[in-house]
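Engineer: Residue-level listing of the chains:
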Amino acid sequence: MRRGGKQLALYLVVLLGALVILVPFYMILVNSFKGIRESALFGMGLPSEWLFANYEKVFEQGNIVRGFKNSFLLAGLTVLCVNLFASMAAFVIQRRDDRLMRSLYLTFIIGLIVPVSIVPTIRLMDILGIKGTYFSMIMYYTAVLLPFSVFLLVGFMKQIPRELDEAAMIEGAGFFRLYFRIILPLLITVLVTVSIVVIVSVWNDFFGPFYLVTDSTKWTIVLQIFNFVSLYNTNWGVVFAFMVIVVLPVLLVYLLLQRYIIDGLTAGSVKG
Amino acid sequence: MERRKYPLYFSYPAVAVFLLFFIAPTLIGVYYSFTNWNINADSVKFIGFDNYAALFQEPRLGKALSNTLIFAAAVTVLQNVIGFALALVMNESIRMRNFFRTVFFMPYVIAPIIIGYVFRAIYHPEHGIVNKLLEGVGLGFMAQDWLNDPKWALFSIIITDLWKVSGFAMVIYLAGLQFIPKDLLESAAIDGANYWHRLKNIILPLIASSTTVNILLSLIGSMKVFEMVMVLTDGGPGYTTEVFYTYIRSTFSMGEMGYSTAINLVLFALVTLVGLPVLAALKKREVEM
Chain R
0 MRRGGKQLAL YLVVLLGALV ILVPFYMILV NSFKGIRESA LFGMGLPSEW
50 LFANYEKVFE QGNIVRGFKN SFLLAGLTVL CVNLFASMAA FVIQRRDDRL
100 MRSLYLTFII GLIVPVSIVP TIRLMDILGI KGTYFSMIMY YTAVLLPFSV
150 FLLVGFMKQI PRELDEAAMI EGAGFFRLYF RIILPLLITV LVTVSIVVIV
200 SVWNDFFGPF YLVTDSTKWT IVLQIFNFVS LYNTNWGVVF AFMVIVVLPV
250 LLVYLLLQRY IIDGLTAGSV KG
Chain W
0 MERRKYPLYF SYPAVAVFLL FFIAPTLIGV YYSFTNWNIN ADSVKFIGFD
50 NYAALFQEPR LGKALSNTLI FAAAVTVLQN VIGFALALVM NESIRMRNFF
100 RTVFFMPYVI APIIIGYVFR AIYHPEHGIV NKLLEGVGLG FMAQDWLNDP
150 KWALFSIIIT DLWKVSGFAM VIYLAGLQFI PKDLLESAAI DGANYWHRLK
200 NIILPLIASS TTVNILLSLI GSMKVFEMVM VLTDGGPGYT TEVFYTYIRS
250 TFSMGEMGYS TAINLVLFAL VTLVGLPVLA ALKKREVEM
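Chains as they are written, first to last, in numbering that gives the first Met the number 0: chain R, 0 to 271; chain W, 0 to 288.
Read the hints as simulated data drawn from the structure, not as lab findings.
Note that the coordinates shown come from a computational prediction; the quantities given were computed from them, not determined experimentally.
Hints are supplied without guarantee of correctness; some may be wrong.
[What the hints assert, rightly or not] Computed cross-link-like contacts, DSBU-like style, restricted to lysine-lysine with a CA-CA straight-line distance of at most 30 Å: (1) K223/W x K283/W; (2) K157/R x K4/W; (3) K150/W x K131/W; (4) K163/W x K5/R; (5) K157/R x K131/W; (6) K130/R x K68/R; (7) K163/W x K56/R; (8) K283/W x K157/R; (9) K62/W x K199/W; (10) K283/W x K181/W; (11) K283/W x K199/W; (12) K150/W x K62/W; (13) K150/W x K199/W; (14) K199/W x K181/W; (15) K130/R x K150/W; (16) K223/W x K130/R; (17) K56/R x K217/R; (18) K56/R x K68/R; (19) K44/W x K150/W; (20) K181/W x K68/R; (21) K223/W x K217/R; (22) K181/W x K5/R; (23) K283/W x K4/W; (24) K199/W x K163/W; (25) K217/R x K130/R; (26) K163/W x K150/W; (27) K163/W x K217/R; (28) K62/W x K44/W; (29) K5/R x K199/W; (30) K181/W x K131/W; (31) K163/W x K62/W; (32) K217/R x K5/R; (33) K68/R x K223/W.
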């Protein structure tokens, strides 16, 4: 009986915690359907009248489709670069495991800790003549996200037995075939984890494009919402609708692939 | 197979990108922090330690430093306590466990800038749900202007950040808990070890790697906080919630690039100073394993 009561109390605490997490989400959603006056009250009640016009107004801003395209493009190409470069590096770092590779690994780990020097990065892009281009953004994100990805992938590589490499080599495979045909498919769980981390980081990032992109046609969706709020924050209903539109894609990615987050982080960061 | 046969060139793309776009700006930054680089200057001139001398006389740097440290310490401790507690509960077979796990991690995938906007609404002195709730349960006297009152502003930002990051710590702890053999805990229970004993003597030592990863990631992550503070208070009121990155942004906006680079390097030194010992602990444990 006492045990049952304790369990129930625990359950209520968990339920309360979940509520704390969900209320802000609910708030965004419900207020995105309210008119200008009602939404300014930030209430929790259902709208007195369901307005879909807020969403129309967001899309009328015109640039939003372009913002989406920019965010998709940057996230997609960065996913490709990070997965390819990090897994190739992790492969030789873990397999060679000599002094050189250990210091390379340590360099990446230090890169995980120290902050980016953002203002000099602007200067660098200028010197290289690629300031404000998509290419510069993809390289910036790849550099920033490589350390964590290498960390996860090296951790996971340890669990792939070397005997596999030997077997492949005996059958006459070169290192590229070994890597693409044997190693890469076995890394898939962690690669999905890395992809989620990259997509979420790039999609949600304000810091990078704020400093590195001056041309508003290359702004990502997050930069656009910042600009939008600064200009139109008198109509919260529209702002909330904009938030729904920005949050939805990453939330979907997370809900569809969430199983990989726990699996990937488990394999890469803890076991290793 | 011989280790040294694995071709080095597999690491070249990663090394090249990392060298050029991460390490090079850091090194360039060291140089520019000793210059008068700004939008008004005709040419960039070397000015020695002038930026640093001016910087260390600014009380604003002290505020940014202490706020960043308070924020990082509070978030690191509380994120780990909450995350660990959540993981312990989520590791039991409770009803709708997967649903709860999914929910607790959810804020982690939301843009900090959007979390900032939503919490600005939540903390609103008049219409915000926090004050409404307090009034509703008869605690109206505790209602505050959370983000504009110097006493509460930093606290409110810390709570907002915890809302976002606690689920991440939970996932890492859950990962660690999966490796604890169930029969080990059961036999300890049969031998008369109560829950606290099992927690202290079995669970905590066995999830040490989760703890180190979590502490490292939350320490360095919280020292680099930017968007959330920018949206919630932008360092205000006064400089009471100023952190490094809001300070850097405001000097950058004034066109003082050399100066803001110097601030960035102070942050660099601080993060290194705090992060490396934790990293060393991580490496040491790896050797033991």
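Engineer: Does each hint hold? Answer for all of them.
Structural biologist: Each hint, compared with the structure:
no.: 1; hint: K223/W x K283/W; in the structure: holds (25 Å)
no.: 2; hint: K157/R x K4/W; in the structure: holds (18 Å)
no.: 3; hint: K150/W x K131/W; in the structure: holds (20 Å)
no.: 4; hint: K163/W x K5/R; in the structure: holds (28 Å)
no.: 5; hint: K157/R x K131/W; in the structure: violated (53 Å)
no.: 6; hint: K130/R x K68/R; in the structure: holds (20 Å)
no.: 7; hint: K163/W x K56/R; in the structure: holds (29 Å)
no.: 8; hint: K283/W x K157/R; in the structure: holds (18 Å)
no.: 9; hint: K62/W x K199/W; in the structure: violated (38 Å)
no.: 10; hint: K283/W x K181/W; in the structure: holds (27 Å)
no.: 11; hint: K283/W x K199/W; in the structure: holds (22 Å)
no.: 12; hint: K150/W x K62/W; in the structure: holds (14 Å)
no.: 13; hint: K150/W x K199/W; in the structure: violated (36 Å)
no.: 14; hint: K199/W x K181/W; in the structure: holds (16 Å)
no.: 15; hint: K130/R x K150/W; in the structure: violated (42 Å)
no.: 16; hint: K223/W x K130/R; in the structure: holds (24 Å)
no.: 17; hint: K56/R x K217/R; in the structure: holds (21 Å)
no.: 18; hint: K56/R x K68/R; in the structure: holds (19 Å)
no.: 19; hint: K44/W x K150/W; in the structure: violated (42 Å)
no.: 20; hint: K181/W x K68/R; in the structure: violated (49 Å)
no.: 21; hint: K223/W x K217/R; in the structure: holds (25 Å)
no.: 22; hint: K181/W x K5/R; in the structure: holds (22 Å)
no.: 23; hint: K283/W x K4/W; in the structure: holds (28 Å)
no.: 24; hint: K199/W x K163/W; in the structure: holds (28 Å)
no.: 25; hint: K217/R x K130/R; in the structure: holds (12 Å)
no.: 26; hint: K163/W x K150/W; in the structure: holds (22 Å)
no.: 27; hint: K163/W x K217/R; in the structure: holds (28 Å)
no.: 28; hint: K62/W x K44/W; in the structure: holds (29 Å)
no.: 29; hint: K5/R x K199/W; in the structure: holds (21 Å)
no.: 30; hint: K181/W x K131/W; in the structure: violated (45 Å)
no.: 31; hint: K163/W x K62/W; in the structure: holds (24 Å)
no.: 32; hint: K217/R x K5/R; in the structure: violated (55 Å)
no.: 33; hint: K68/R x K223/W; in the structure: holds (28 Å)
Hints 5, 9, 13, 15, 19, 20, 30, 32 from the list above are not met by this structure, while the remaining hints are.
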